[in-house]
Structure formats: structure tokens, C-alpha cells
Amino acid sequence: MEDVKEEIKSRLAVEDVVGQYVELKRAGRNLKGHSPWGVDKTPSFMVSPEKGIWHDFSANKGGDIFSFVMAVEGVDFKTALEKLANQAGVDLSKYHGGDQTVNKKKLRAKEALQLATKYYQACLVRSKPVCEYVFYKRNMNRKTVQEFKIGYSPSDGKSLTNALKKRGFTTAELDAAGLLNRFNADLFRDRMMVPFIDTNGNVIGFTARIINQGEPKYLNTPETILFNKSRFIFGLYHAKESIRRNGYVVIVEGNMDVISSHQAGVKEAVATSGTAMTEQHLKILSKLTTDIRLAYDGDAAGVKATERAIMMAGDLGLDLTVISDYHGAKDPDELIQKDPKLWQDAVNHRTPAVDWLLTKYEETLDLSSAPGKRKYSDVALKLLSYVKDEVERASYEVKVAKKLGVEVEILREKGDRLNHQLASKPKKYLKKPKTILQNDTLIKIENSLLALKIFGGVTKTKIPLEIPEDDARLAELELVFNQEHAAVKNADLEKEATELLNRYHSESIKQQIQTLTAKLAEMDEDDEEYETILRQIRDLQNQ
Numbered sequence: 293m294e295d296v297k298e299e300i301k302s303r304l305a306v307e308d309v310v311g312q313y314v315e316l317k318r319a320g321r322n323l324k325g326h327s328p329w330g331v332d333k334t335p336s337f338m339v340s341p342e343k344g345i346w347h348d349f350s351a352n353k354g355g356d357i358f359s360f361v362m363a364v365e366g367v368d369f370k371t372a373l374e375k376l377a378n379q380a381g382v383d384l385s386k387y388h389g390g391d392q393t394v395n396k397k398k399l400r401a402k403e404a405l406q407l408a409t410k411y412y413q414a415c416l417v418r419s420k421p422v423c424e425y426v427f428y429k430r431n432m433n434r435k436t437v438q439e440f441k442i443g444y445s446p447s448d449g450k451s452l453t454n455a456l457k458k459r460g461f462t463t464a465e466l467d468a469a470g471l472l473n474r475f476n477a478d479l480f481r482d483r484m485m486v487p488f489i490d491t492n493g494n495v496i497g498f499t500a501r502i503i504n505q506g507e508p509k510y511l512n513t514p515e516t517i518l519f520n521k522s523r524f525i526f527g528l529y530h531a532k533e534s535i536r537r538n539g540y541v542v543i544v545e546g547n548m549d550v551i552s553s554h555q556a557g558v559k560e561a562v563a564t565s566g567t568a569m570t571e572q573h574l575k576i577l578s579k580l581t582t583d584i585r586l587a588y589d590g591d592a593a594g595v596k597a598t599e600r601a602i603m604m605a606g607d608l609g610l611d612l613t614v615i616s617d618y619h620g621a622k623d624p625d626e627l628i629q630k631d632p633k634l635w636q637d638a639v640n641h642r643t644p645a646v647d648w649l650l651t652k653y654e655e656t657l658d659l660s661s662a663p664g665k666r667k668y669s670d671v672a673l674k675l676l677s678y679v680k681d682e683v684e685r686a687s688y689e690v691k692v693a694k695k696l697g698v699e700v701e702i703l704r705e706k707g708d709r710l711n712h713q714l715a716s717k718p719k720k721y722l723k724k725p726k727t728i729l730q731n732d733t734l735i736k737i738e739n740s741l742l743a744l745k746i747f748g749g750v751t752k753t754k755i756p757l758e759i760p761e762d763d764a765r766l767a768e769l770e771l772v773f774n775q776e777h778a779a780v781k782n783a784d785l786e787k788e789a790t791e792l793l794n795r796y797h798s799e800s801i802k803q804q805i806q807t808l809t810a811k812l813a814e815m816d817e818d819d820e821e822y823e824t825i826l827r828q829i830r831d832l833q834n835q
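Residue numbers (my numbering): 293 to 835.
Treat the hints as calculated values from the structure; they're not laboratory data.
Mixed in with the good hints there might be a few duds.
[To be verified] Calculated pairs, EDC-like style, for lysine to aspartate or glutamate (alpha carbon to alpha carbon, straight line, at most 16 angstroms):
| hint | residue 1 | residue 2 |
| --- | --- | --- |
| 1 | K674 | E684 |
| 2 | K736 | E791 |
| 3 | K402 | D467 |
Since the model is a prediction, treat every value here as computed from it, not as a measurement.
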């Protein structure tokens with residue numbers, strides 16, 4: 293793996309890769325620009341062409357070209373490797389020691405889907421009734437049809453299969469690509485075809501809408517070696533640049549809502565395709581922005597989806613809001629057909645998710661009755677347990693208490709009692725998610741301490757961190773020192789290191805408590821380690 297990474301690095305300059313996303317300007321031996329995550333007012337993004345590394349001081353991220361693509365595109369290492377290898381003209385198959393059979397199957401599936409897309413596009417152009425449906429009934433313009441590669445699958449059920457077999461594809465290869473039904477004929481027939489496009493621009497499947505009569509209304513590619521619905525986000529390939537540039541994402545319910553939104557100028561719209569939103573979806577989007585705007589229906593399903601989103605977003609540090617003013621339209625697509633400007637305004641006038649959800653509960657529960665107040669307080673307290681900011685949570689507690697006509701202390705006492713009950717139940721301990729997020733503050737302090745230890749000559753303050761051996765990591769730390777500590781007088785470096793070390797210990801304790809709490813949530817009360825871990829948490833809290 294190191295061989296292929298070095299080969300790609302030798303062919304791609306860090307400034308060229310980063311320059312595709314960030315406008316860079318010369319700053320001495322380095323290059324400087326604004327954070328691609330839009331979190332700085334003055335340029336805080338540094339690139340060292342000499343060392344082949346980058347560091348974003350505002351977002352507290354850094355590394356080489358691989359870590360950059362992973363962060364800016366919101367993808368895993370494998371995807372970043374494939375993307376950069378493609379740019380560098382490096383054949384990964386020469387380096388892979390893994391299963392070549394699987395790699396070949398994936399490659400053939402991609403080729404089949406790419407040809408299928410072109411075939412469907414050609415079928416659309418040749419059919420006047422289908423063109424009338426797409427361009428007039430669905431109100432798509434030519435640019436949108438080309439951008440999203442919209443096509444049409446013929447109704448005879450064998451045209452695509454025959455065409456691809458003539459190109460050398462076997463039945464097994466077409467089935468692996470998700471193009472066949474159980475009779476080994478075309479899966480899609482008489483439908484408007486919309487490709488699923490991954491973040492690298494590859495077609496990995498389709499969503500297909502029936503044009504005439506028939507069920508189901510929408511038919512999606514089944515899960516294949518390329519398509520995983522719990523990870524795939526429809527429209528992200530087209531939206532990611534706007535999301536990064538404008539700092540927010542709009543999650544709509546339907547794929548057609550996404551397409552209409554992009555045509556209306558709101559290019560930050562995406563959708564989870566054929567499945568409810570998962571934590572994996574939110575994690576992918578959180579790498580691009582923390583401003584998540586939900587455009588869900590106000591029905592029971594929309595309320596439930598919003599509640600789940602709040603719970604999943606609780607520990608991800610996301611700013612969750614709801615777009616709900618559709619001016620009488622049932623969804624964004626219908627609103628856009630009415631007036632695109634109304635949709636643009638709706639996106640900018642949203643409501644905090646907790647406020648929106650509390651209002652929905654107020655509308656459905658009888659708050660004049662004691663049982664209604666009990667149910668409302670139960671759901672409200674459950675919701676507020678996912679609000680991490682103390683000031684924000686206190687503000688909501690006051691609001692809820694006022695709505696119930698009780699003192700806020702009474703509401704908090706009930707909340708404490710519920711939390712105590714949860715803490716006594718092993719599998720529901722504090723309802724913490726399994727995934728432990730990195731503490732950004734801890735990482736930033738650690739970077740500074742290592743920079744002071746390696747390049748600042750700090751020796752009196754004992755910094756308990758191992759010096760990394762990786763050249764790219766050392767180069768990044770040198771960049772941190774030059775940017776943040778080089779101007780400090782030598783006599784003050786020890787003092788700065790001591791202050792940072794105290795903060796580091798405090799943040800470390802927080803991180804340890806979070807890790808142990810999540811571990812406890814996965815254990816049974818009679819587990820041998822349960823009491824030990826619970827005692828460790830209490831000891832850390834008392835430090």
C-alpha cells in the first residue's frame with residue numbers, strides 16, 4: 293500500500309490537488325487560502341509544496357493529499373485512493389494483493405452500468421412521448437436532463453439485456469450490476485431512469501419512475517457489489533461543491549425533489565435513496581458541513597424521521613433545522629413547480645429542529661390534561677437529552693416548563709430522575725451512541741504540544757506524547773509550530789507548554805469518560821467488568 297501511495301504522491305503535487313477546491317496564494321515558502329469548510333474569516337489554510345502536506349488551522353485538520361480528499365469529499369481512504377490514482381494515471385491493479393476476482397466483478401459492473409446509462413439516454417431521445425413526459429410534465433430542462441443523465445427504459449423487457457450481451461457482457465455480470473430481474477430479463481421497463489452516481493462520478497445503480505400505469509411507482513436498484521443504500525446519498529456528487537462553498541446541506545425526501553431543487557438553483561439538496569436516514573449518512577455529510585437542513589413532511593412519518601435525526605445528530609455536533617413552509621405544496625418538487633423563488637426563500641427561513649418537533653407534539657397532545665402534560669414532558673425531556681449545549685438546553689427547559697405551567701426545577705427533577713433510571717439499566721446507559729467521535733480540542737492541543745516538544749525545544753515541561761516517525765506528520769507539526777508558536781519568545785515557550793498540558797489533561801479525562809460510557813452501554817449489568825467501568829467513570833468525574 294505504501295508503494296502505491298508514494299507513486300501517486302510522486303505524480304500529484306499537493307498544491308494541485310488542494311487547488312481544485314481551495315484558491316491558494318503564495319505566502320513565503322508556503323501557500324495560503326481559506327478553509328474549504330468555510331469556518332474562517334481570514335485565510336487559515338496552509339499548504340507546504342516542499343513537504344507535500346496541508347493544515348487547516350480553523351478546522352483543525354491536516355495531512356497529505358489522501359487525508360485531504362477524504363476530508364473534503366467525505367469519503368473513506370479506499371475511495372480517495374481510487375480517485376487520486378485515476379488523476380495520477382496509476383493502475384491500482386498492479387499493486388493490489390487482494391481478491392482480483394472481486395475487483396474484476398466491480399469493474400465489469402461499472403462498465404455495464406455506464407453503458408446502460410448511455411443506452412437509456414439514447415432511448416429517451418428517440419421517444420417523443422417520453423420526452424414530453426420528462427420535459428413538460430416533469431418540467432425538466434435540457435441542462436438538468438444532461439447533468440443527471442436522465443434516460444428511459446423500453447417496455448419490451450429485453451432491449452437492454454440484448455444490447456449489453458452484444459457488447460460481451462454475461463448474464464452473471466448483468467445480474468451483479470443489478471440490471472436483471474429474477475427471469476434474467478431487464479429489471480427496468482417503461483420507466484424514466486435516473487442514475488445513482490457516487491462521489492467519484494461513477495454510475496452504481498438507478499432509481500426508476502413508472503411513466504404510464506403500474507406498480508411500484510418507483511423501483512430502485514437492489515443492493516449490489518457497488519450499491520449500498522445505507523451509505524449512498526442521492527445528489528451528493530452534484531451538490532458537494534455547493535455544500536462546501538455555502539456551508540449547508542438540504543436533505544429532502546425524494547430524488548425528484550433533489551433534481552427540481554438543483555434546477556431551481558438550490559444545489560445543496562440531497563436525499564437518502566430508498567431508505568430512512570442512517571447515522572452513516574449523517575457522518576458522511578458532517579465531513580462537508582455541520583449545518584443540516586431537513587425538508588421533511590409534517591406528517592407522522594416526518595415527525596418520526598426528524599426525531600431520529602435529532603438523536604443521531606446529538607453527538608455529531610450538527611446544527612439541525614427544519615424547512616417546513618411549503619406555501620400549501622405537499623413537497624419541495626410541487627413548491628418549485630409553483631414558484632422556484634418560494635423554495636429558495638423556504639430554505640433560508642427554517643426552524644430549529646427541536647422547536648419544530650416540540651410544536652408538532654403540542655399540536656397532537658392535549659396539554660390541558662394531566663396525562664397529556666405527562667406525555668409531553670416525557671417526549672420533551674427525551675428530546676432535550678440530546679441537546680449538548682447547556683445554555684441551549686436550559687433555554688428549552690424554561691420553554692417547556694412554561695408550556696406545562698410548572699416550575700422549571702420540577703421539570704429538571706423529573707429529567708434527573710429519568711436519567712438516573714436510564715443509568716441503572718445497562719443497555720440504555722445515558723443512551724450514548726456506539727461511535728466515539730474525536731475530540732477536536734484534544735487533537736488541536738496535542739498538535740501544539742508535539743510541535744513545542746519537537747521544534748520549540750521544550751524540555752522542562754514533560755510532555756507525555758510520543759514523537760511520530762511519519763515524515764508527513766512531522767512536516768505538518770512543523771507547519772503548526774511556525775504558524776502558531778514561532779513568534780513566541782523562547783523563555784515563554786515552557787510556560788505555554790505547561791498551560792497547554794493542563795488543558796490536555798482536562799480534555800483527556802472528558803474523552804476517557806465518553807469512551808467508557810459508550811463501552812458501558814454495550815454491556816449487561818451482570819457482566820464482570822460492569823461495576824469496574826462504572827467506578828472508573830465516577831473516579832474520572834471526581835478528578
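Here's how the hints hold up against the structure:
no. : hint         : result
1   : K674 to E684 : holds, 15 angstroms
2   : K736 to E791 : holds, 14 angstroms
3   : K402 to D467 : holds, 12 angstroms
Of the hints listed earlier, there is not a single one the structure fails to meet.
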